[in-house]
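Given the sequences, and given the hints that come with them, work out the whole structure.
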Amino acid sequence: MRNKRLFILMIGLIVFIAIMGFTLGRKKLTWPEKFINDAVGTVQGVFYRPVGAVADFFRDLGRLSDVYKENELLRQTVAQYTQDQIRFNMLEAENKRLQEELNFTERQKQLDNYRYLIAQVVGSTSNPYEKTIKINLGSRDGVKPDMAVTTVDGLVGIISRVSTFTSTVKLITDLDENSAAGMPVSATVLDKETQSFGIIEYDKESSNLIMTKIDERDPLAVGDKVITSGLGNVFPKGIIVGTVESRQVGVFGLTHTAVITPAAKFDHLREVFVVVVPDVDGP
Amino acid sequence: MRINRVILWTLLLLIVETAVIPWLVPPAWTERLLPHLAFIMTLFVAGFGGRHHAFLFGLGFGLLQDILFYGNLIGPYGFGMGLLGYMAGLVAERRAFTLVFFIWIVVVGGGLLDTVVYLIYKLFRLTDLSYSFVFYWQIAPTTLLQLLFALLIYVPVRRYLVKPSLASGEDNPE
Chain A
1 MRNKRLFILM IGLIVFIAIM GFTLGRKKLT WPEKFINDAV GTVQGVFYRP
51 VGAVADFFRD LGRLSDVYKE NELLRQTVAQ YTQDQIRFNM LEAENKRLQE
101 ELNFTERQKQ LDNYRYLIAQ VVGSTSNPYE KTIKINLGSR DGVKPDMAVT
151 TVDGLVGIIS RVSTFTSTVK LITDLDENSA AGMPVSATVL DKETQSFGII
201 EYDKESSNLI MTKIDERDPL AVGDKVITSG LGNVFPKGII VGTVESRQVG
251 VFGLTHTAVI TPAAKFDHLR EVFVVVVPDV DGP
Chain B
1001 MRINRVILWT LLLLIVETAV IPWLVPPAWT ERLLPHLAFI MTLFVAGFGG
1051 RHHAFLFGLG FGLLQDILFY GNLIGPYGFG MGLLGYMAGL VAERRAFTLV
1101 FFIWIVVVGG GLLDTVVYLI YKLFRLTDLS YSFVFYWQIA PTTLLQLLFA
1151 LLIYVPVRRY LVKPSLASGE DNPE
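Residue numbers (the working numbering), protein chains in the order written: chain A, 1 to 283; chain B, 1001 to 1174.
Just so you know, these hints were derived from the structure itself, not from any lab. Just to be clear, a hint being listed does not mean it is correct.
Chain B is nowhere near these chain A residues, computed Cβ spacing over 10 Å in every case [claimed, not checked]:
1) Ile19
2) Asn89
3) Leu91
4) Glu92
5) Ala93
6) Glu94
7) Lys109
8) Asp112
9) Tyr114
10) Asp146
11) Ile199
12) Lys213
13) Gly238
14) Ile240
15) Thr255
16) Val259
Cross-link-like lysine-lysine pairs, in silico, BS3-like; alpha carbons within 27 Å at most [said to hold, decoys possible]:
17) Lys28(A) - Lys1122(B)
18) Lys213(A) - Lys1122(B)
19) Lys4(A) - Lys144(A)
20) Lys1122(B) - Lys27(A)
These figures come from a predicted structure and were not determined experimentally. Glycine is no exception: its CB is placed at the ideal position from the N, C-alpha and C atoms.
Here's what the structure looks like:
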């Protein structure tokens, strides 16, 4: 009897390790998984959104005193924004003219024309080792794996699995530097886009982002705004990641690393944007 | 154990766990308090319904949770909850099911589940955190919260979901 139990345990262990190994690097979902995800995702949305609205209401009550200050700040920003808008329109018109003159192909012209899909968050996981959230957009809405997900503040994650009506987002807090999983996000610094380069990772124990592989002569300095660089054209460029907090020599002494305070918050998310890069291989 | 009703309630709990609990936890603690409510129900099933029920129950809900939030791999919770449900059932069959014993099961089981999941992620090199950090950072607070929750639902579960003959602790027909 005892032997039989042990035997079954061993078989179970082997089967599960096989399943885990098999599902480790997979991107596509099979139809049962999609069905379960969509069915439960719908119900989760029914709970998550109202509860979030109530929780946010109480949090906002606590922040009422800050509203006046925030309003003042926003007014200044808007004034600046209108000036920038004029400048931006002129620059864009000139850019378009130059592209025409240099015979850019249609594909090259469309490359920076990102679409932002707004998505509601419907659930968040209770698994401590892979922080994922669920959103109510799926392959039907044109969402594909490895698309960037942002909030109004900055980058929060990457689409990891897509089913028909919902998809799973892996937060950038999952881009652990020493883990086997994870996708490198190349980053640069605002206003020094051509001179600066690094890879974004996340340090769990200090809960900060880390930018590694920075060149010694890189002009990156404390207080700079870090944005995604979009090198490779898979990941969109110009998404705010965070602010540089400190910079030091890396582990091997050849490159530098910088500690970055994330711009976005990763908890209590309600609405996020999926950034759709125009289809490079498409017609 | 009215198993159909328990399954319905646990589905609801799983949705509460992923859609409501994140809002109730204060922002500074979101990485530390991650209760597994479906696992607590598995322990109830182990106590009142026997080890085979608990095994299937834990396996099913663990896999459901894995599939719903599929980040890197499927299976850690399916494996952990199935195994611990069976083991809890095994222990529960040899002891009288009292409240003190149940508290022990929830604390030890909760700690073991998180440990099993941690070891699996360590095995596949998906995490490089040390066990002492994980224990202090996440396992200990989560286990205490789970214990609180288990005590809150102990009386209703006993009253509404367990058949009278089983609740009295006599030998069961299953």
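Hint by hint, here is what the structure shows:
1. The claim that isoleucine 19(A) lies off the interface is violated: its Cβ sits roughly 5 Å from the closest Cβ of chain B, which falls inside the 10 Å cut-off.
2. Here asparagine 89(A) stays apart from chain B, with its beta-carbon at least about 40 Å from theirs, past the 10 Å limit.
3. With a closest Cβ-Cβ approach of about 39 Å to chain B, leucine 91(A) is found to remain outside the 10 Å limit, as its non-interface label requires.
4. The beta carbon of glutamate 92(A) is kept farther than 10 Å from every beta carbon of chain B, the shortest such distance being approximately 39 Å.
5. Separation of alanine 93(A) from chain B is adequate, the least Cβ-Cβ distance of about 44 Å exceeding the 10 Å criterion.
6. For glutamate 94(A), the condition that its CB be more than 10 Å from all CB atoms of chain B holds, with the nearest at approximately 44 Å.
7. Every C-beta of chain B lies more than 10 Å from that of lysine 109(A), the closest at about 36 Å, which supports listing it as non-interface.
8. Against the 10 Å criterion, aspartate 112(A) stays outside the reach of chain B, whose nearest CB is about 30 Å from its own CB.
9. For tyrosine 114(A), the non-interface assignment is confirmed: its Cβ lies about 25 Å from the closest Cβ of chain B, beyond the 10 Å cut-off.
10. Taking the minimum C-beta to C-beta distance to chain B, about 14 Å, the non-interface status of aspartate 146(A) holds against the 10 Å cut.
11. No beta-carbon of chain B is positioned within 10 Å of the beta-carbon of isoleucine 199(A); the least distance is around 17 Å.
12. Listed as a non-interface residue, lysine 213(A) keeps its Cβ farther than 10 Å from every Cβ of chain B; the least gap is roughly 19 Å.
13. At roughly 26 Å, the least C-beta separation between glycine 238(A) and chain B is larger than 10 Å, which holds for a residue marked as non-interface.
14. Listed as a non-interface residue, isoleucine 240(A) keeps its Cβ farther than 10 Å from every Cβ of chain B; the least gap is roughly 20 Å.
15. The beta carbon of threonine 255(A) is kept farther than 10 Å from every beta carbon of chain B, the shortest such distance being approximately 20 Å.
16. Taking the minimum C-beta to C-beta distance to chain B, about 18 Å, the non-interface status of valine 259(A) holds against the 10 Å cut.
17. Among the hinted pairs, lysine 28(A) with lysine 1122(B) is consistent with the structure: their alpha-carbon atoms are about 24 Å apart, no more than 27 Å.
18. This hinted pair checks out: lysine 213(A) and lysine 1122(B) have alpha carbons roughly 26 Å apart, not beyond 27 Å.
19. For the proposed pair lysine 4(A) and lysine 144(A), the alpha carbon gap of about 46 Å is over 27 Å, so the pair is violated.
20. For the suggested pair lysine 1122(B) and lysine 27(A), the alpha carbons sit about 21 Å apart, so the restraint of at most 27 Å is met.
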